[in-house]
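> Next come the chains, spelled out residue by residue.
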Amino acid sequence: MRNVSKSFAGIEVLREVCLNVAHGQTVSVLGPSGSGKSTLLRCINWLEEPDSGEILIAGVRIGVRADGKTHMPDRELARMRARIGMVFQSFNLWPHLSVIENVTEAPIHVLGMAEDEAIGRAEKLLEKVGIGEKRDAYPYVLSGGQKQRVGIARALAMNPEVILFDEPTSALDPELVGEVLAAMRALAEEGMTMVVVTHEMAFAREVSDEIVFIDQGCVVERQAPEAFFDRPQTARARQFLSRYT
Amino acid sequence: MDQAALHTLLLGAWTTAWISAVAVAGGVPLGLALALLREARIPVVGHIIVLYVSLGRATPLVTLVLFIFVGAPLLGIPLDRYTAAIVTLLLNTAAFNAEVWRAAIRSFPHEQVEAARAAGMTRVLIFRRIMLPQIWITSLPGLVNEMTFLIKASPAIGVIGIVDLTRVTNRISAITYEPLPPILVAAALYMVAIGTLVRLQRLLDARAQRLAM
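Heads up: the protein sequence lines correspond to chains U and D, in order.
Throughout the first sequence, residue numbering follows our numbering, covering 1 to 245 in sequence.
Throughout the second sequence, residue numbering follows our numbering, covering 1001 to 1213 in sequence.
It should be emphasised that the hints constitute simulated quantities derived from the structure, not laboratory data.
These numbers were taken from a predicted model, which means no experiment stands behind them.
Every residue, glycine too, gets a C-beta built ideally from N, C-alpha and C.
Mixed in with the good hints, there may be bad ones.
As the list claims (entries may be wrong) - Some chain U residues well away from chain D (every beta-carbon gap over 10 Å; in silico):
#, residue
1, 114
2, 174
3, 178
4, 206
As the list claims (entries may be wrong) - Which chain U residues face chain D? A few, computed with CB under 8 Å, are given here:
#, residue
5, 51
6, 74
7, 75
8, 79
9, 82
10, 86
11, 88
12, 90
13, 92
14, 94
15, 96
16, 106
17, 109
18, 158
19, 224
Said to hold, decoys possible - FRET-style restraints, in silico, Cβ to Cβ:
#, chain 1, residue 1, chain 2, residue 2, range
20, U, 244, D, 1037, 50 to 60 Å
21, D, 1133, U, 16, 52 to 62 Å
22, D, 1052, U, 70, 26 to 36 Å
23, D, 1037, U, 49, 19 to 29 Å
Construct the complete structure from the given sequences, taking the supplied hints into account.
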């Protein structure tokens, strides 16, 4: 489905990284803090602009025009981003909108969906992530786990081709992590294409189709989860994993 | 002070009120436009706005209103004194409002903008749907504050012959030889106007509190 490759100048955060995520796959990106995992993810939907390299979403290059040089106009870039969902570490809900409005905002105003339809779909999605009863609440009354599940519903509402998860449980209290991971697990099982930056090793092992291990901006290992966790091939991966077991 | 005097006073109050209201109605959106243009970082435009805001904030209203009233006809733009007064107050308040808006825009949480971009919103849509509904509430205390300053500074327009709430007191005391009563009534009317604005702002502040959480 996609072929990601880019490098960053200045302080090199990503060095010639290549990444392929096939349709329906869940890929977990692991690595120590500061290894460039989040930057990699943020490059995929052009929140961060890579210095070189190219990113293709379903064969279409994001961020640059067909000539490969000039920037994509705002409107076109937005249209591409609409096909890529994103779930943030700090939730980033819109505080002036209620839960249901957070979920319907982009479908109505970006996709041009009819309001009734958007509300109907949003209600189903909120039900699915287990917070249907919080429909009319405002974000400030929600717990972190509830906020993040709204974040997931908000991403799903756009019917994206892929969802990017940027450390979705890192800002949560330990007892709230489970509910968010459960929602993500259900998505992976349904065949949603997912790229997950996480520190939840058990989750990565259980849910991923592939593990990508990054260190100092380079892809160090890329393996099936069992192989990566049981037989890591590089010293750096072994060292990284030893801290989690 | 008789019935007629009170009537004249109220007419003066009305003049102050409607001229200020028009200036505010134009100055608040103009301030927002200036703030947005400045934040857009367009090379020359940005500098012009900085200059405008500095001049607007540094020039006394009396000077500005005289300059506009006398200067505009020289440039071939005929202005009656009411238009000159409105333009003066509007330009002045817009300069201050621009700074209020700019502070709100600059402190707007970037994460919310990122979430909106990731959801496929264009810049215009992000501003209209995500930023504006929040920054107008966070800007409101500053904007209302500026409105009260504007009303209090508005007697400056008396120098070009507009009979506003302050100047009208001269007129009355010229007839009655008792300057104090009309001045006291005028002061009370100013306080009513400003008190109403402040109360309105407090009501809306409750909503701002919720957003801050």
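> It remains to establish, for every hint, whether it holds in the given structure.
Structure-based check of all given hints:
{"no.": "1", "hint": "114", "in the structure": "holds, 17 Å"}
{"no.": "2", "hint": "174", "in the structure": "holds, 23 Å"}
{"no.": "3", "hint": "178", "in the structure": "holds, 24 Å"}
{"no.": "4", "hint": "206", "in the structure": "holds, 26 Å"}
{"no.": "5", "hint": "51", "in the structure": "violated, 19 Å"}
{"no.": "6", "hint": "74", "in the structure": "holds, 5 Å"}
{"no.": "7", "hint": "75", "in the structure": "holds, 6 Å"}
{"no.": "8", "hint": "79", "in the structure": "holds, 7 Å"}
{"no.": "9", "hint": "82", "in the structure": "holds, 3 Å"}
{"no.": "10", "hint": "86", "in the structure": "holds, 4 Å"}
{"no.": "11", "hint": "88", "in the structure": "holds, 6 Å"}
{"no.": "12", "hint": "90", "in the structure": "holds, 6 Å"}
{"no.": "13", "hint": "92", "in the structure": "holds, 4 Å"}
{"no.": "14", "hint": "94", "in the structure": "holds, 6 Å"}
{"no.": "15", "hint": "96", "in the structure": "holds, 5 Å"}
{"no.": "16", "hint": "106", "in the structure": "holds, 4 Å"}
{"no.": "17", "hint": "109", "in the structure": "holds, 6 Å"}
{"no.": "18", "hint": "158", "in the structure": "holds, 6 Å"}
{"no.": "19", "hint": "224", "in the structure": "violated, 29 Å"}
{"no.": "20", "hint": "U:244 <-> D:1037: 50 to 60 Å", "in the structure": "holds, 51 Å"}
{"no.": "21", "hint": "D:1133 <-> U:16: 52 to 62 Å", "in the structure": "violated, 43 Å"}
{"no.": "22", "hint": "D:1052 <-> U:70: 26 to 36 Å", "in the structure": "holds, 33 Å"}
{"no.": "23", "hint": "D:1037 <-> U:49: 19 to 29 Å", "in the structure": "holds, 24 Å"}
Checked against the numbered hints listed earlier, the structure breaks hints 5, 19 and 21; every other hint is satisfied.
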